[in-house]
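Residue numbers for the sequence shown follow the numbering used here, so the first one is 1 and each next one is one higher.
What the hints contain is simulated information worked out from the structure, not anything from laboratory work. Quick reminder that beta carbons are idealized off the backbone N, C-alpha and C, glycines included. Warning: the hint list may mix true and false statements.
[To be verified] If you anchor each label on the Cβ, the simulated ranges turn out as follows:
#1 N70 / V44: 21 to 31 angstroms
#2 R69 / S11: 38 to 48 angstroms
#3 S11 / Q38: 28 to 38 angstroms
#4 R71 / L46: 43 to 53 angstroms
#5 R49 / N70: 38 to 48 angstroms
#6 D62 / T31: 47 to 57 angstroms
#7 A29 / Q66: 38 to 48 angstroms
#8 R72 / W37: 13 to 23 angstroms
#9 P13 / R40: 35 to 45 angstroms
#10 D17 / N70: 32 to 42 angstroms
#11 S11 / R72: 43 to 53 angstroms
#12 W37 / V61: 15 to 25 angstroms
#13 V68 / P13: 26 to 36 angstroms
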Amino acid sequence: MAMNDETTHSSEPLLMDLDQAAAFLGIPASTLHTWAWQGRVPCVRLGRRRFFRRKDLERWVDNHLQPVRNRRA
């Protein structure tokens, strides 16, 4: 039975823990922990632990990008 792209399993984990997600975003884990606790970044809970889905983080980053304005002297 052939599998299409929708059913092919990737080597990437479905969920990332706090440290993995912080590394993915390039921010300190403490910052991500605070943002997750404040509800500023999407996460899911399993028991007492918070996890992050890569697709949710990618979408969140895309929605929160701000252009940088160059200042010329």
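Inset, instruction - If any of the earlier hints don't hold here, list their numbers in rising order. - result: 1, 6, 7, 8, 9
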